[in-house]
Amino acid sequence: MSSGDSIDRRSFLTAAGSAAAAATLAGCSGDGGDGGGTEGGDGGDGTSSDGGDGGSDQTLVYARGDHPENYDPQQSTSGEVAKVTNQVFDTLIQFAAGSGGQLEDALATDYTLEGTTATLTLREGVMFHNGEEFTASDFKATWQRFTQSDYEYYLGDDTRSGYGPFTLGDWIESVDASQDYELTIELTQQFAPFLRNLAMFASAVLSKAQIESLGDSQADLGSEPAGTGAFQFDTLDNPNERIRLTANNDYWGDGPNVGTVIFKTITENSTRVQDVINGASHITDNLDSSGFQRAEESGTATLLRKDGINHGYMAMNMARFEPFRDRQVRQAIAHAVNTEAIVNQIYQGFATQASQPLPPDVLGHNDDLDPYPTDKEQAQSMLEEAGYGDGFEFELATFSNPRGYNPSPVNTANQVKSDLEEIGLTVNINQFSNFGPYLDYTSAGKHDACFLGWYTDNADPDNFLYVLLDPQVEMDAVPDGQDWVSFDSDGYNTLNVSGWANTDYMELVREAQRTYAEGDRETMYEEASQLAYDESPWVFLDYAETLRAVNETVVEDSYTVSSVGGPYLNTVELQ
Amino acid sequence: MNWTQFLFRLVEPVVPPRFVIKRLLLLIPVLFGVASVVFAILHLAPGDPAIIIAGQRASAEQLEQIRVELGLRRPLWEQYLGFLWDAARFDFGQSYSISRGNSVRSVISDRLPITLELAIYGQAAGILLGLPLGIISAVKQDSLTDHVTRIGALTGISVPIFWSGPLLILLFSTYLDVFPTSGRIKSTLFLPDTWTLFGRELPLTGMITLDTILLGNTEAFLSAAHHLFLPAVVIGVYSTALISRMMRSSMLEVIRQDYIRTARAKGQGAKITLMKHGFRNALIPVVTVIGIQFGTLLGGAVLTETVFGINGMGLTIVTAIGVSDYPVVQGTVLTFALLFTLVNLFVDVTYSYLDPRIQQ
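So the sequence lines, in the order shown, correspond to chains B and L.
For the first sequence, the working numbering assigns the number 10 to the initial residue and increments by one for each residue that follows.
For the second sequence, the working numbering assigns the number 24 to the initial residue and increments by one for each residue that follows.
Isolated chain B (complex conformation) (with noise of 0.2 Å):
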């Protein structure tokens, strides 16, 4: 036994000694890791290998959630890129920061839009990040490479997003650069909305050199973007899901007022959170309910917030399903689902009850309209009307995840299922993991009534009313007396999830897109609004606010939360 003794000993130590070396080294390091204190100064410490030379050498920290590997603003609709290009390029127009969609000078001084062309008056001696000078030519190449399969630099059908024909390519007829700053653009026709389309991510102007430099590896532009922005893209460090922008000493507008920008991914959202209020970042998005509550409560954190330019919907198919063709059913619906608990109790109070497509903030909102109240008697009593008082079952589909204008999801169609079986209809629902799939099938109109919600694209009306609600489809191909066509009609806008073709909606929708009158188009708009509450394609659930946590080393009011455009990473400046 005592050999076995001695054996036990000598495996101890081996495994002791193993141990110990691995814990040391650990401990070691602990003094120097992310635990905790706030770094926001010290950019110049460890290993950066250069800070940029930009306004200082600090280093602002962004966490995200998900981190894109492709930083191309033509190759992508995602807003976790924007986050990224909105810091490296610029557009002609911008949104101004902090503000719900006015729209303010960029690398265009002055513009017009008059019938059918745009003129845009170019800024002067803006320089790209790769040294070339920004001109109109590098606007025309922009929109070559994005939208025209004749151009030598086209980005390719199965390599550009969808934004390229929905933001500039259905529009834009010509566009004459033979002026260094002077920029002519030829409409297809009278489109309201077009000069807000330029302040969109996708609208950013890329370098015509780079754009050539490239030749047939146009998609390689993801890993190298070169703008005119406020930051340079330095480092994109796919393995640790990183990416380092450097200060633009030259930039035109104001700031940027620290050294360098780290974007970090932090999948989980209570880490984020933690990671802001412990300061190894200074700004996350993105939050849950337990995250704005922690961060509120932090001491080290501030959370900022403001009304968001989104929409969460409910929308009842009636290419498919017979009863949501009387518009009776649909009220009724509108009168049982309880938006106010939805929103006061699943969204915990960060988003407020919808009363219409449009949310508030935006052209044509109408404030006469106040959300559905609640009131399942009448609810009950118009199903009877309808023919329906022993009710009926129908499907609705859901995703699983949240998103931004439905934080919960399925706690939110559940909400719906109880109230609805108070006023006698059963409802199945159909819940789908994935968020693809799920836009598969409901564009296709696979589905009795699904949750679908929208952020804006440029803080447009027409960015709801029509890209939402309306068919798309002729006039003359809605049945007289019907208000709703299938999902099958040559040229169906599939983004209309409820099949709903009111031709009174449509013949608005369509005007106010051609009148540039802001006067005129806020009344058309706002009779739209009307008209889409009357009729209820939808069951109007929520506006969501957009939330930022913003760690105590940001100087107060140098970073504003803007609901569309941003985030505007130029201005904040650290302690």
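To be clear, the hints were calculated from the coordinates, so they are not data collected in a lab.
One should not assume that every hint holds.
Unchecked claim - Partial pick of chain B residues on the chain L-facing surface, computed with a CB cut under 10 Å:
#1 D75
#2 G173
#3 L230
Stated by the list, open to error - Quick look at which bits of chain L chain B covers, simulated, 3 or more residues with Cβ under 8 Å:
#4 71 to 78
#5 87 to 99
#6 116 to 122
#7 207 to 218
#8 345 to 357
Glycine residues also receive a C-beta, built at the ideal position from the N, C-alpha and C atoms.
Once you have looked at the hints, place chain L on chain B.
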């Protein structure tokens, strides 16, 4: 003499090349099977790649254009043959979503070292702790040490990573603030792309602890070790538990053999008998477990990487499935299959070295 001939010459005395070649040829039907299953599953799964590429804003015509460009309108058998040909060349095309516009090959070459590093640390912990614990347990059968080790091992095998991971994060990161919650290195520390050896610039390996050593960057190494510690523990616990269980039962069997008693009767010391005659013979089944275990570790990496937010092959598969990035799913799954079979081949070769009867 090329390098393969050299390699065969080296191992020839212990493992005949015919054995290795036979095993290598067997890989082909296995990988063909995996590739076919992956192709079938992805083509049966819902989700339209065109929508993934163009996004919600794309019109019906634009989506159709993309389907044609991607070859999705070709007959299925044609797509299948094309896929097999591409897979044989390890070319899965471009990622639709998670690394848009980049080749799947580059996605894999970025991610694979991360997962291998994690699996190697897990395996190292398993071997370094599991073998001695197993031996102690066997030698001191039914003692308190044995009971504690066995209970510990059972617990280690039973506790799933998706539970132990968050628990450790909660304890060591959130409450005690000793270890970071996620990532592989401090967010403000960036490494260059290359390192220099005798004036020549060489690419880094992608294994961050090794890279920081090659760069001679102590601060970065400590930060990387600090970040890797918890994930390695989580992935190593299971491995340690399994190896120690295996080692214990194998050792118990061996020390009851006649030749052990004979050696002891001849007057050989207990320690020498145990290590010289017992250990090597007891190791044979354990090596198999270690090999298969390495494959399981790769699987465990899916959970560990997800829990700790480490962007390796495991997390990539999960993310790619979530966003229907089919080329990436195909590439990563086949890489896993290839790795798994190669590890098994290596185990077989080692096994036949330890026990030459296997070659017969």
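Hints, one by one, checked against the model:
1. Checking B:D75 against chain L: minimum C-beta separation of about 9 Å stays under 10 Å; hint holds.
2. Interface restraint check: B:G173 against chain L, minimum CB-CB distance 8 Å, threshold 10 Å, status holds.
3. Among the interface hints, the one on B:L230 holds; its C-beta lies about 8 Å from the nearest C-beta in chain L, closer than the 10 Å criterion.
4. Here's how the region 71 to 78 of chain L fares: 6 of its residues keep a CB closer than 8 Å to some CB of chain B, so the rule of at least three is met and the hint holds.
5. Remark: the region 87 to 99 of chain L is confirmed as covered by chain B, as 4 of its residues place a Cβ nearer than 8 Å to a Cβ of that chain, reaching the required three.
6. Taking a C-beta to C-beta cut-off of 8 Å, the region 116 to 122 of chain L contributes 4 residues in contact with chain B, enough for the three needed, and the coverage statement holds.
7. For the region 207 to 218 of chain L, the stated coverage by chain B is satisfied: 9 residues place a CB nearer than 8 Å to a CB of that chain, which reaches the threshold of 3.
8. Note: the region 345 to 357 of chain L has 3 residues with beta-carbon separation from chain B under 8 Å; the three-residue rule is met and the coverage holds.
Comparing the model with each numbered hint stated earlier shows that all of them hold.
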